[in-house]
Structures are given as structure tokens and as C-alpha cells.
Amino acid sequence: MSLSLAPGFATAAASFPRAHFRPLCAIVYLLLGATAHAARIGDISETSLWEQAVRFFTFQDPAVRYALIGSMLLGISCGLLGSFIVVRKMSLVGDALSHAVLPGVALGFLWNMSKDPVAIFIGATLAGLLGTAVVSLIKQTTRLKEDTALGLVLASFFAVGICLLTMIQRLPTGNKSGIDKFLFGQAAAIGSGDVKLMAVVTALVVVVMLVFYKEFLVTSFDAQFARAVGFPAQLIHYAQMLLLAFAVVIALQAVGVVLVSAMLITPAAAAYLLTDRMHRMLLLAALFGMMAGALGAFLSFLGNNLPTGPFMVLAATAVFTGAFLFGPRHGVLARWWRQRSRTLRVQRENTLKSIYHVLETREFKGEGVSLRELAERRRETLEEVAEQSQELRTHGQATLHEDGNQIFLTPDGWQRACAIVRNHRLWELYLTNEARMAADHVHEDAEKIEHVLGEETVRELERRLEFATKDPHGRSIPGLADMRKGAGASQRDELIGYGRQT
Amino acid sequence: MNELIPSFDFHRVFIEPWTQPGGGFIWIALMGFLVAAACGLVGNYLILRRMALVGDAISHSVLPGIAIAFLFSGSRGSWPMFLGALAAGLVTTVIIETIHKKSRVKQDAAIGIAFTSLFALGVILISVFASKVDLDQECVLYGEIAFVPLEETVKLGSLVLGPTSVVRMGIVTLVTVALILLFYKELLVSSFDPALAVSLGNNATVVHYALMSLLSVVVVSAFESVGAILVVAMLILPGATASLLSQRLPVVLGLTVVHGALSSVLGIHLASWLNCSPAGAMVVMGAVLFCLAWIFSPSEGLLRRWQRGRSSQLANVETEEAGA
Numbered sequence: 004m005s006l007s008l009a010p011g012f013a014t015a016a017a018s019f020p021r022a023h024f025r026p027l028c029a030i031v032y033l034l035l036g037a038t039a040h041a042a043r044i045g046d047i048s049e050t051s052l053w054e055q056a057v058r059f060f061t062f063q064d065p066a067v068r069y070a071l072i073g074s075m076l077l078g079i080s081c082g083l084l085g086s087f088i089v090v091r092k093m094s095l096v097g098d099a100l101s102h103a104v105l106p107g108v109a110l111g112f113l114w115n116m117s118k119d120p121v122a123i124f125i126g127a128t129l130a131g132l133l134g135t136a137v138v139s140l141i142k143q144t145t146r147l148k149e150d151t152a153l154g155l156v157l158a159s160f161f162a163v164g165i166c167l168l169t170m171i172q173r174l175p176t177g178n179k180s181g182i183d184k185f186l187f188g189q190a191a192a193i194g195s196g197d198v199k200l201m202a203v204v205t206a207l208v209v210v211v212m213l214v215f216y217k218e219f220l221v222t223s224f225d226a227q228f229a230r231a232v233g234f235p236a237q238l239i240h241y242a243q244m245l246l247l248a249f250a251v252v253i254a255l256q257a258v259g260v261v262l263v264s265a266m267l268i269t270p271a272a273a274a275y276l277l278t279d280r281m282h283r284m285l286l287l288a289a290l291f292g293m294m295a296g297a298l299g300a301f302l303s304f305l306g307n308n309l310p311t312g313p314f315m316v317l318a319a320t321a322v323f324t325g326a327f328l329f330g331p332r333h334g335v336l337a338r339w340w341r342q343r344s345r346t347l348r349v350q351r352e353n354t355l356k357s358i359y360h361v362l363e364t365r366e367f368k369g370e371g372v373s374l375r376e377l378a379e380r381r382r383e384t385l386e387e388v389a390e391q392s393q394e395l396r397t398h399g400q401a402t403l404h405e406d407g408n409q410i411f412l413t414p415d416g417w418q419r420a421c422a423i424v425r426n427h428r429l430w431e432l433y434l435t436n437e438a439r440m441a442a443d444h445v446h447e448d449a450e451k452i453e454h455v456l457g458e459e460t461v462r463e464l465e466r467r468l469e470f471a472t473k474d475p476h477g478r479s480i481p482g483l484a485d486m487r488k489g490a491g492a493s494q495r496d497e498l499i500g501y502g503r504q505t
Numbered sequence: 106m107n108e109l110i111p112s113f114d115f116h117r118v119f120i121e122p123w124t125q126p127g128g129g130f131i132w133i134a135l136m137g138f139l140v141a142a143a144c145g146l147v148g149n150y151l152i153l154r155r156m157a158l159v160g161d162a163i164s165h166s167v168l169p170g171i172a173i174a175f176l177f178s179g180s181r182g183s184w185p186m187f188l189g190a191l192a193a194g195l196v197t198t199v200i201i202e203t204i205h206k207k208s209r210v211k212q213d214a215a216i217g218i219a220f221t222s223l224f225a226l227g228v229i230l231i232s233v234f235a236s237k238v239d240l241d242q243e244c245v246l247y248g249e250i251a252f253v254p255l256e257e258t259v260k261l262g263s264l265v266l267g268p269t270s271v272v273r274m275g276i277v278t279l280v281t282v283a284l285i286l287l288f289y290k291e292l293l294v295s296s297f298d299p300a301l302a303v304s305l306g307n308n309a310t311v312v313h314y315a316l317m318s319l320l321s322v323v324v325v326s327a328f329e330s331v332g333a334i335l336v337v338a339m340l341i342l343p344g345a346t347a348s349l350l351s352q353r354l355p356v357v358l359g360l361t362v363v364h365g366a367l368s369s370v371l372g373i374h375l376a377s378w379l380n381c382s383p384a385g386a387m388v389v390m391g392a393v394l395f396c397l398a399w400i401f402s403p404s405e406g407l408l409r410r411w412q413r414g415r416s417s418q419l420a421n422v423e424t425e426e427a428g429a
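As given, the protein sequences belong to chains S and F, one line each in that order.
Residues in the first sequence are numbered consecutively from 4, following the numbering used here.
Residues in the second sequence are numbered consecutively from 106, following the numbering used here.
Derived by calculation from the structure, the hints in this document are not laboratory data.
The C-beta atom is built at its ideal place from N, Cα and C for all residues, glycine as well.
Be aware that one or more of the hints could be misleading.
As the list claims (entries may be wrong) - SDA-like, lysine to any residue: derived pairs with alpha carbons at most 25 Å apart:
1) LYS207(F) to GLN227(S)
2) LYS92(S) to GLN212(F)
3) LYS207(F) to PRO175(S)
4) LYS148(S) to ARG410(F)
5) LYS211(F) to GLN342(S)
6) LYS148(S) to VAL272(F)
7) LYS206(F) to ARG332(S)
8) LYS148(S) to VAL393(F)
9) LYS211(F) to SER139(S)
10) LYS206(F) to THR346(S)
11) LYS211(F) to VAL214(S)
12) LYS142(S) to ARG409(F)
13) LYS211(F) to ARG348(S)
14) LYS142(S) to THR124(F)
15) LYS207(F) to SER139(S)
16) LYS148(S) to SER402(F)
17) LYS142(S) to ASP298(F)
18) LYS92(S) to ARG410(F)
19) LYS207(F) to ARG348(S)
20) LYS207(F) to LEU277(S)
21) LYS142(S) to GLN212(F)
22) LYS199(S) to VAL214(S)
23) LYS206(F) to SER139(S)
24) LYS142(S) to ARG410(F)
25) LYS206(F) to ALA309(F)
26) LYS92(S) to ARG155(F)
27) LYS148(S) to LEU188(F)
28) LYS142(S) to PRO403(F)
29) LYS148(S) to LEU394(F)
30) LYS207(F) to HIS333(S)
31) LYS206(F) to ARG341(S)
32) LYS207(F) to VAL214(S)
33) LYS207(F) to VAL90(S)
34) LYS207(F) to TRP339(S)
35) LYS92(S) to SER402(F)
As the list claims (entries may be wrong) - Computed footprint of chain S on chain F; a stretch qualifies when at least three of its residues, placed anywhere within it, have a C-beta under 8 Å from a C-beta of chain S:
36) 150–156
37) 195–202
38) 219–230
39) 274–288
40) 405–414
Please model the complete structure; the sequences and the hints are all you need to start from.
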């Protein structure tokens, strides 16, 4: 039960008999009735979900058409503008702006006491712009930080709006207005006038984006460069804010003041996870916004007069979650997979290196390395080492003989082992010679870098170290000739060993 | 327009509320004060730590916690609500951290995604289970502080303490004050110099999560009175106003409480004049007080700045003339 509907605050505040609440309940009831009327979809409570779905998809009801078109249009414009505020790390400016429009909505309504789309549009845009201007004024003239200024403006403007709304609802004409639908959104309340306005604004946003794409791009990513080449960065910033305010205001009717910032942030953030190119991000964000809008309109239509905004937001969140988990490059799963395969590769390379060391200690006599030797070298149990040798076998870097007790490197494995040992020793030499580090301090560092040195860096290191053959500890650095020994072996029938001299 | 703004009647606006039988008005004023004081005190630390918008996020996202607690317990009991809100607050913090750390989405966007999703979930729960949850969308937006005097009263023996929510808010406020006094030094150090705090052996994570938990509890107990969004104002406005007037933390904390008291009483007078939402009116008066501090602050107000700017300009002109 809301206070706004109380006949008068002062009377409600005093404790008075329960009977006085009857008229209040009656007004609540009336308002709910008026809401259902405003929805214009008819008596929903009697029909089943399936019938509702059929009604939605046959598009016979003009209200359904308006709601769907409107929701998709707002998704496009919010996605486009949202992309810029997400990459500019200004997401919460969108939040502040969307809350700050509320007093403008109320004043626009008061203009001629009706839900005139144009009056509300103008009022809301002005209020939103005033809000962002106050934020930057507070930032410039006080010690307060941006987050405080945003929160302060957001809540204060919203409070003014709430006061105005509760005053309007008290008016005799106010109850039937459906202005309360601006808080949580009701796509079904979108009329033909609203759709026309939304179409005009979306077209404007798209055209401005196309014409000034380069300017927007440069000022968003490198404002200093933009100023240096003579773009009016400040002007472009204001233009963006104005368009942002437009996008927010046309979304109000369907999404509601409270949640409209999600339609800016969430589809754009999902797009941001999927691509590195701005134009693709814009397209994806517009697409996601459109999907979220349509899905939200549909879901809220299924239920009994449920607010639209929350459904759109959850639809957008679902898209974001999908991108967050399954994005091909930045998704959590892809990252996890990359990390895992990197860990496995490093592990294999360490095993190869140990096998090389075992071979080296017996001066490369004999071909196979037994599990026991490897286990002693790695200071691990036989089971662990057996598992590692299996891992090498599945990657074609070794063959196993005598029930898996003897490990023979394939040419592939031999070359990789040589390369890793070479990387390690070259890097140790580089650190002692060029970086003047003590010889007993360089091992740890080389342990890490040996797995990531590329061929080009290795060539560069070899040149700088004048093709040295001994590392700081006096052991020889395997070179191309050593690697080829393995390559020669590949001509034999069976791929075993690092290869004897043929 | 005449219908919209009732004529100003001094007696009706300023005298009548205090002289009404039953004294219901005093409870509303007290509730407003307690909410503003508790929120403002916690909010000061949010401002210092540049976490004002995390406060915004948590105040929105406790909604599903409250709704789920309602569904399970079937009542407006304090404990289920506190637990639900604590859980929701924690989930919000974890979601923000996860999105921020595990993907390249920046923290501001992560905050925006987390709290809008949770808030949307809460609104849907409330709409779908409207018959089971004794909460409505209006309450979520601007609270029901005017109904405070109509609640059942809490009695301690034969002594009548006051309406349930006022007593609860009073306890929360006292706990907040006690915690701030008790851990004053830890909060001070970790807010101003996190590196020093760590080197002194304070656990930054513990302080962070403790503050978030306190914030969730304060927000949820204020929620019924002022709603999810106006809580943000209660968190930020008192501290922001106070920090324009002083740079010393004890003074700022004191001024926060004063701001809370003033905005509560003035707000209720405004509401009884305009006949509008009292919670909204309190915030409006709080914002007016902020604007006054912004303009007239003796150390860094707009007027002072303008004066300084002009005198330095004059000094420049004089030196130029002297040079010529």
C-alpha cells in the first residue's frame, strides 16, 4: 500500500482509526483497474500462457505490434550509445543520467496534464542533461570525487521526481495517467505516438553514428590525440551526452527509469567481450539490445501485467552471461581452456627437459631412458613419472617400450627437448653476461622463460652471445646440429631415440 | 498548478504536525533521523573509499534477498530479512569481483550489470508472488515511513518502547555507532592509507567485507522506510555535505548526524505542506542542505572560491600596473 495514494499526508501520519483506510484501498483498486486498462491488451488473467504466446506471435493486436517494435527500437539505440559509455568507462554516468530524468518526466506530464510523448521527451532530456551538468560542476568545484557526485545527483534528482509523482497522483486527473509506469516500464503502454518518436530518435542516432563514426571513435579512445588533430572533443562529448539522453528517454516507457541503465550497459558489455573492433561491437550491442527488448516484451506479455523493464534486463543479463562464459576469446571457458593447455604444455616440456638431462649425464650413450632414472631425476614417484610419459606418448613426443618402462624420444620430442634446454641455457648466459647477474641467481628466471621464448628471440640471443656453446655452468648448449641428429632418425622405420650417428 | 502546490499555511505545516493527538509525527521524525544517521555514518566511509556507487549497487540488490526471505519465512520478521539482505549484499560483491577479475569488463560496468540484474530479479519476484510477499513496487521505490506510527509497538515489561521498525532501526543505529567507535582507528587507517593499514597488520579484506556487511544491514533496515533508491541519498548526501564543511573526520561524522536530523525534520514539514512522499521530501531537503553547503561553505564554497578568484585577479592587475 503506498503513501502516494493516501488522501493527505498529514492525516495519514496521525494515527487514526482503521476505517479511514477503506477509501485508500478503494483508490488502490481503482488505480490497478486503470493500469489494466492502460495495458490495453485486455483481460489477461483469464487466458493461458499458450494462448498469450499465440496472440503475441500473430501480431493481430496493435498494442503487441507497438510494444514489440518499440522495444526493439530502444534496444538498438541503447546498445549503440551504451557501447561508447562502456568503452569510455562511464557506465555509471548512464545510471545517474537515467535516474535524473524522473523530475523531467513529471514536469513534462504536468505541461498539459497528459502523457504527451513530446512534452515528456523534452522535459526528461533537459532534466537528464541538467543532471550530468551538475555532476561535472560538483567535480570541478569541490573536493568530492566522481562516484560521490554521481550518487548524489542520481538520488537527489530521483527524490525530486518522486515528490512530484506523488503530488501528481494525488490530483483528481492523476490517477488514470499511468505515469507510474515510467518507474518499472510497461511496453504495453507504448502508443503509436511513442513508436513514431522512438523511430525518429533511433534513426537520428543511427545517422549521427554513421556520419560521425570516426570522430566518436577517436575522442572515445584517445581524447588528447583528438584535440591535437583539431577535433572539437568537448563538443563531441556533449553531442554524445545528448544522444545518450535521447536513448534513455525513449526507453523510459518500456524499461522504466530504475532499470534503463542496464539496457545501456549490459548489451554493450556483452558485445565488448566478443570482439575487439568497435564497429563490430556496435553492431553486436545493437543486436543484443534488440533481442533483449523483444524477449522482455514477450515475457512480460505472457505474465499477468508484469512490468516489462525487469524482464528486458534479465534477458540482457542472460546474453551477457552467455558471452562471459562462452565467448570464444575472452570467455571464462576459453580462458580456462587456454590456461589448462598451457599448463599441460609446460609440464610436458619439463618432462622432456628431464629426459634430456638424464641422457646428458650419461653422455648420450644408449637410447632409452627408464622410468626409474626419470623418477630419480625429477624427484617424483614412479606413478607420477609414468603418467607424464603417457602424456608425452599421446602427443607423439615419445614411444614407450618394455611395458612402458623405457621411454624413447621421437624426433619431434628430441627437437623440443633440445629447444627447451637451449632456451634455458641461452637465457642463463644472457643474464650473466649482459645483465651482469650472478650465475647462481639465473636458474629460477630461466625456468620460467624457457617455455615462452620464440624462435626469433632465440636467434637474437644467439647473435648477441656470439653463438656461444657453453652456458655459465659450463654445460654445452644444444645447437642446430644436435637437433638434426633426431631429424635424421625419422627416416628409419621405427621412430625411436634421439638418433645415433648414422 | 494551484491544485498541485497547496497554499502555504504556517500553522498547518509547522504547528499542526507536532500538536496532533497520538504523537505519531514524532515517530516519523525519529525514524527519518535514525535512518539518515545510520546510513550517513556508514556512507562517510564509502565516500572516503571511493565506493559510493558500491553503496548504490548494494542498496538495489538487497531487494531479491528481502523478497526471498519473505517467501521462505512468510513474515516481515527481522532475522530472515537481515539474513536475506546479508546474503544478497555478499552475492553482489562477489559478482562484481568475479566479472571484474575474470573478464576484461571494467569495474563500473560490472557494478552496473550486477545490481540491475539483481534488482530486476527482485522486482519480478515481488510482482509474481504479489499475494505472498507483503511488499509492493511503490514501497520498493519510496518506502512507507508514514505508516510507522500505525505499527504494533514493542513493549518491554510495562514500558512502551515504540513502533517495531523504529525500535529496530534504533538498535541498528546504536550498533553502527558502537562499531564505528570501537574500530575507529582501523577504519580510519584503512580508508585513508590502505598500504599503511596492511603494513600495520590490519586485514584489508576483513575490513572491506565487514563494512559491506554493516552496509547491507543498515540498508535493509532503512529499506522499508525509504525504499531502495532513496537509501542511496541517505548514504551519500550527509557525508558529502559534511565533507564540504570540514576536513577533520570526527567533525565530519558529527555534522553527518546533524545533517540527518535537519533533513528529517525539514523534510517532514515539506511533505506536510506539499502532501507528497515524506521519504522523497527528506532527501530533497537533504539535497537543499548540500547545495547551501556547496555555495556558502566558509572554506571552499562557491562564494569563497569566487571571492578568492576575484581577489587574485585584482592582485594580478595591481602587480601588472605596478610593473608598468
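Status of each hint after checking the structure:
1. LYS207(F) to GLN227(S): Status violated; Cα separation ~30 Å.
2. LYS92(S) to GLN212(F): With a Cα-Cα distance of about 8 Å, the restraint between LYS92(S) and GLN212(F) holds, given a limit of 25 Å.
3. LYS207(F) to PRO175(S): With a Cα-Cα distance of about 53 Å, the restraint between LYS207(F) and PRO175(S) is violated, given a limit of 25 Å.
4. LYS148(S) to ARG410(F): With a Cα-Cα distance of about 18 Å, the restraint between LYS148(S) and ARG410(F) holds, given a limit of 25 Å.
5. LYS211(F) to GLN342(S): It holds: about 22 Å lies between the C-alpha atoms, which stays within 25 Å.
6. LYS148(S) to VAL272(F): violated (35 Å)
7. LYS206(F) to ARG332(S): holds (15 Å)
8. LYS148(S) to VAL393(F): holds (19 Å)
9. LYS211(F) to SER139(S): Distance of about 21 Å is within 25 Å: holds.
10. LYS206(F) to THR346(S): holds (20 Å)
11. LYS211(F) to VAL214(S): violated (28 Å)
12. LYS142(S) to ARG409(F): With a Cα-Cα distance of about 17 Å, the restraint between LYS142(S) and ARG409(F) holds, given a limit of 25 Å.
13. LYS211(F) to ARG348(S): Distance ~31 Å between LYS211(F) and ARG348(S) Cα, so the pair is violated.
14. LYS142(S) to THR124(F): Since the Cα atoms of LYS142(S) and THR124(F) sit roughly 43 Å apart, the hinted pair is violated (cutoff 25 Å).
15. LYS207(F) to SER139(S): Violated, at about 32 Å.
16. LYS148(S) to SER402(F): holds (17 Å)
17. LYS142(S) to ASP298(F): holds (22 Å)
18. LYS92(S) to ARG410(F): violated (30 Å)
19. LYS207(F) to ARG348(S): Holds: LYS207(F) and ARG348(S) sit about 22 Å apart, inside 25 Å.
20. LYS207(F) to LEU277(S): At roughly 14 Å apart (the allowed maximum being 25 Å), LEU277(S) and LYS207(F) satisfy the hint.
21. LYS142(S) to GLN212(F): The hint holds at about 20 Å.
22. LYS199(S) to VAL214(S): holds (22 Å)
23. LYS206(F) to SER139(S): violated (29 Å)
24. LYS142(S) to ARG410(F): holds (14 Å)
25. LYS206(F) to ALA309(F): Holds. LYS206(F) to ALA309(F) sits at ~18 Å (cutoff 25 Å).
26. LYS92(S) to ARG155(F): Given pair LYS92(S), ARG155(F) holds - Cα atoms ~15 Å apart, limit 25 Å.
27. LYS148(S) to LEU188(F): violated (32 Å)
28. LYS142(S) to PRO403(F): holds (18 Å)
29. LYS148(S) to LEU394(F): holds (19 Å)
30. LYS207(F) to HIS333(S): holds (9 Å)
31. LYS206(F) to ARG341(S): holds (17 Å)
32. LYS207(F) to VAL214(S): violated (36 Å)
33. LYS207(F) to VAL90(S): Holds: LYS207(F) and VAL90(S) sit about 17 Å apart, inside 25 Å.
34. LYS207(F) to TRP339(S): holds (10 Å)
35. LYS92(S) to SER402(F): Cα-Cα ~32 Å, so violated.
36. 150–156: n = 3 at 8 Å, threshold three: holds.
37. 195–202: violated (count 0)
38. 219–230: Answer holds; 7 residues pass the 8 Å Cβ test.
39. 274–288: The restraint on the stretch 274–288 of chain F is violated, since only 0 of its residues have a Cβ under 8 Å from chain S and three are required.
40. 405–414: holds (count 3)
Checked against the numbered hints listed earlier, the structure breaks hints 1, 3, 6, 11, 13, 14, 15, 18, 23, 27, 32, 35, 37, 39; every other hint is satisfied.
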